[in-house]
Each structure stands twice: as C-alpha cells, then as structure tokens.
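Enquirer: Next come the chains, spelled out residue by residue.
Protein chains: 2
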Amino acid sequence: MKNNKKKIIFKKRTSVKQIEEGSEFCPKFNDLKLLPCITVEEKSNEILMFSYVNKEALKKTLETKKAHYFSRSRNLLWFKGETSGMYHYVKKILIDDDQDCLIFEVALSKPKKGGNPASCHVGYKSCFYRKVVKSKDGEVVLRFIEKKKSFDPEKVYKGITNPTRI
Amino acid sequence: MKNNKKKIIFKKRTSVKQIEEGSEFCPKFNDLKLLPCITVEEKSNEILMFSYVNKEALKKTLETKKAHYFSRSRNLLWFKGETSGMYHYVKKILIDDDQDCLIFEVALSKPKKGGNPASCHVGYKSCFYRKVVKSKDGEVVLRFIEKKKSFDPEKVYKGITNPTRI
Numbered sequence: 001m002k003n004n005k006k007k008i009i010f011k012k013r014t015s016v017k018q019i020e021e022g023s024e025f026c027p028k029f030n031d032l033k034l035l036p037c038i039t040v041e042e043k044s045n046e047i048l049m050f051s052y053v054n055k056e057a058l059k060k061t062l063e064t065k066k067a068h069y070f071s072r073s074r075n076l077l078w079f080k081g082e083t084s085g086m087y088h089y090v091k092k093i094l095i096d097d098d099q100d101c102l103i104f105e106v107a108l109s110k111p112k113k114g115g116n117p118a119s120c121h122v123g124y125k126s127c128f129y130r131k132v133v134k135s136k137d138g139e140v141v142l143r144f145i146e147k148k149k150s151f152d153p154e155k156v157y158k159g160i161t162n163p164t165r166i
Numbered sequence: 001m002k003n004n005k006k007k008i009i010f011k012k013r014t015s016v017k018q019i020e021e022g023s024e025f026c027p028k029f030n031d032l033k034l035l036p037c038i039t040v041e042e043k044s045n046e047i048l049m050f051s052y053v054n055k056e057a058l059k060k061t062l063e064t065k066k067a068h069y070f071s072r073s074r075n076l077l078w079f080k081g082e083t084s085g086m087y088h089y090v091k092k093i094l095i096d097d098d099q100d101c102l103i104f105e106v107a108l109s110k111p112k113k114g115g116n117p118a119s120c121h122v123g124y125k126s127c128f129y130r131k132v133v134k135s136k137d138g139e140v141v142l143r144f145i146e147k148k149k150s151f152d153p154e155k156v157y158k159g160i161t162n163p164t165r166i
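Protein chains in written order, with our numbering: chain B, 1 to 166; chain C, 1 to 166.
It is possible that part of the hints are untrue.
It does not matter which identical chain is used: a pair holds within one copy or between any two.
Once the Cα atoms are required to be at most 20 Å apart in a straight line, the calculated SDA-like pairs of lysine to any residue come out as [what the hints assert, rightly or not]: (1) Lys-158 / Glu-63; (2) Lys-155 / Phe-10; (3) Lys-147 / Asn-54; (4) Lys-113 / Leu-62; (5) Lys-66 / Asn-45; (6) Lys-28 / Arg-72; (7) Lys-7 / Glu-82; (8) Lys-11 / Gly-22; (9) Lys-131 / Glu-46; (10) Lys-136 / Gly-115; (11) Lys-55 / Glu-42; (12) Lys-110 / Lys-147; (13) Lys-112 / Asn-75; (14) Lys-131 / Asn-54; (15) Lys-11 / Lys-91; (16) Lys-131 / Phe-29; (17) Lys-134 / Lys-155; (18) Lys-131 / Ser-44; (19) Lys-55 / Glu-139; (20) Lys-12 / Gly-159; (21) Lys-7 / Glu-41; (22) Lys-158 / Glu-82; (23) Lys-33 / Tyr-89; (24) Lys-28 / Ser-71; (25) Lys-131 / Asp-100; (26) Lys-11 / Arg-165; (27) Lys-131 / Gly-22; (28) Lys-113 / Cys-26.
In short, the hints are calculated from the structure, not lab data.
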C-alpha cells in the first residue's frame, strides 16, 4: 500500500515522440493552467459532461478515485457530488495523442435527496440531452433526446447558484 | 431543398432558461472565439478526438455534413480528411446544457494512401489510445490500449508538419 502514496509527478515535455508514442505522463495544461476533460459513463459509453481539471483536481482524482474538476464559473476546486451526492467514481482515465485532453470513465450515483443516478445539474443524466437539427423550415434548432429528468434540480441544488452563465 | 440553404443563425443568449431548457441554438464561443468539440464514432460510441470549432467551421459542418474544425496549431480552418482522406461524416450533433460544448457523432473513412478507417494523425483509430495507470512502483504512467496502428502516418502525412506541440 505504501507505493500507492507515491507523489504524483507530471513529467516535463521534451519531444513529440515522448508525448505521442511514450509511456510518460506529461499532460499539457493550457494558458489558464487547465486541461480539458471529457466524462463518460463507463458502462454505457455515454458522454456525460465536458469540463476542466487543474493540477490539484487531477492529483486529487488520481488519489481518491472520485472525480475532482476545476469550476471556471466558481473559480475553485470542484469535488463532484459533494453538494448533490452524484459522485463520479473514476474507473479508467484515458489521455489523447498530444496529452492535452483527458477522459474520465466513471460510474454514477444517485442524488442524496432522491432520484435516479445522473450527472447534469439541470436534472438530466447527461449534459448532452439535446441534439442540433434542422427544423422543417430549415432553421437550426435543438431537440431533446432525454425526455425525462432523472431528478428534481430544485430539490437537489436548493439554495445553490446555477453555474450556467449567459 | 431551398429550405436547407437557409442561413445558419446563432441566437443571442438571453436567459439561463433559454440556454438550458430551450430549443434555440445559442452556442457560446470562448474568448478565443472557439467552441470545444468532442468527436465520437457513431457506431461504436468510441471517443475519437477532442478539438475546437469556430463559427465558420461549425457553419461549414452543418452545411456539408463533413466535419470542419479550427486548427489552433496551424491557426486555420481545418477540413478533416482533406489531406489524409480520413473524413468525419457527421451523423448527429449534440450540445450540452450551457451550450458551450458540442459532440459530433461521425462515421470514418479509410486513408486514401491505404490502411483501415481511422481518425488520429499518429496512426491509431482514436486519439485516446493510452490509459493513465499506476505502475507497480506507484508511478503514474501511460499504457497503450490500441495495440496496432490503423495506417502508416509516414505514408499518409508525408511532407506534412506534425501538429503536436511540445
């Protein structure tokens, strides 16, 4: 067990070969010190949300196996599920060719105030609950693909400011 | 057919309700005028890559049903497949709750210089060909999950600068 507590080190990026073809973990954080992260439900392969991690969030995720993100709207470390009970239990992490994007494959849990396992603060399972289509008159519009909410956001996030910004 | 040529309009963002619960298409481009985009293979649900679109790329994608992105490394509109033959035929587009991220669900094609249908410039089907794991001695390292390349990148991208930046 001692080994699992080894300090997590992000290696220095030295060559395209190291980054693309190697086994060294050398993620590239952007100018805002963030790394994009796609969250997928492991069992269904469904994409649940898109967000960012900073170094601290990524380290905490690797250490605890529960997803931590960086909330840009609140400008702080965001332990997913802390408020709602809807944790992201991380089963697998993938990284892309140039190591500037992550995938967290997760299992979901139910909101503590009732409802089905879900992820999105609006009440749907996934944040991607609408598709972009052309309407009959040729206008580009959105159509709901999740027909029913998994939980009542008014109950689960009572008193919490909505993170969506206009 | 006339209707399909209607000008694509991105609606003005006016309220959280409109953005989250509505059917108006009002994507939010970031400070660099880009919108993150996750590309998924429609038939397998496998995530292929993560990139960005600008307004022009998104409009061209909606018009042609072939994915166009914005290449940050080359700072230009990127018609995926133009060089390699590995087009992304867009079957479905999804958008997230606050309309600041897209998913393109696509079908792949083979590189014109030979190989199997794929997407990643390194030669793998997906850009996410490695997982992040702890090694026996507790170090965080990468392990390949795609064992074999789908095509030879030296052949397919001969003379083209590698987009990966150190």
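Enquirer: Cα distance capped at 20 Å. Does Lys-110 pair with Lys-147 within a copy, between copies, both, or neither?
Expert: Within one copy, since 18 Å is at most 20 Å while 36 Å is not.
Enquirer: 20 Å Cα cut-off: does Lys-131 pair with Asp-100 within a copy, between copies, both or neither?
Expert: between (26 Å within a copy, 13 Å between copies)
Enquirer: When no copy is named, should Lys-12 and Gly-159 be tagged within, between, both, or neither for a Cα gap of at most 20 Å?
Expert: Neither. Shortest intra-copy (43 Å) and inter-copy (28 Å) distances fail the 20 Å Cα cut-off.
Enquirer: Please sort Lys-131 with Glu-46 into within, between, both or neither, judging by C-alpha distance up to 20 Å.
Expert: both (14 Å within a copy, 18 Å between copies)
Enquirer: Classify it for me, Lys-28 with Ser-71: is the Cα-Cα distance of at most 20 Å met within a copy, between copies, both or neither?
Expert: both (18 Å within a copy, 17 Å between copies)
Enquirer: If the cut is 20 Å between Cα atoms, do Lys-131 and Gly-22 qualify within a copy, between copies, both or neither?
Expert: So Lys-131 and Gly-22 pass the 20 Å test across copies only (12 Å; inside, 37 Å).
Enquirer: Using 20 Å as the alpha-carbon threshold, which applies to Lys-33 and Tyr-89: within, between, both, or neither?
Expert: neither (24 Å within a copy, 33 Å between copies)
Enquirer: Check Lys-136 against Gly-115 for me: Cα-Cα at most 20 Å, and say if that holds within a copy, between copies, both or neither.
Expert: neither (36 Å within a copy, 40 Å between copies)
Enquirer: Is it within, between, both or neither when you check Lys-131 against Phe-29 at 20 Å Cα-Cα?
Expert: between (30 Å within a copy, 18 Å between copies)
Enquirer: Given a CA cutoff of 20 Å, do Lys-158 and Glu-82 count as a within-copy pair, a between-copy pair, both, or neither?
Expert: within (14 Å within a copy, 50 Å between copies)
Enquirer: Have a look at Lys-113 and Cys-26 and pick one of within, between, both or neither, based on CA distance no larger than 20 Å.
Expert: neither (40 Å within a copy, 32 Å between copies)
Enquirer: Are the CA atoms of Lys-11 and Lys-91 at most 20 Å apart within a copy, between copies, both, or neither?
Expert: neither (23 Å within a copy, 38 Å between copies)
Against the hints set out earlier in the document, violations occur for numbers 1, 2, 3, 4, 7, 10, 11, 13, 15, 17, 20, 21, 23 and 28.
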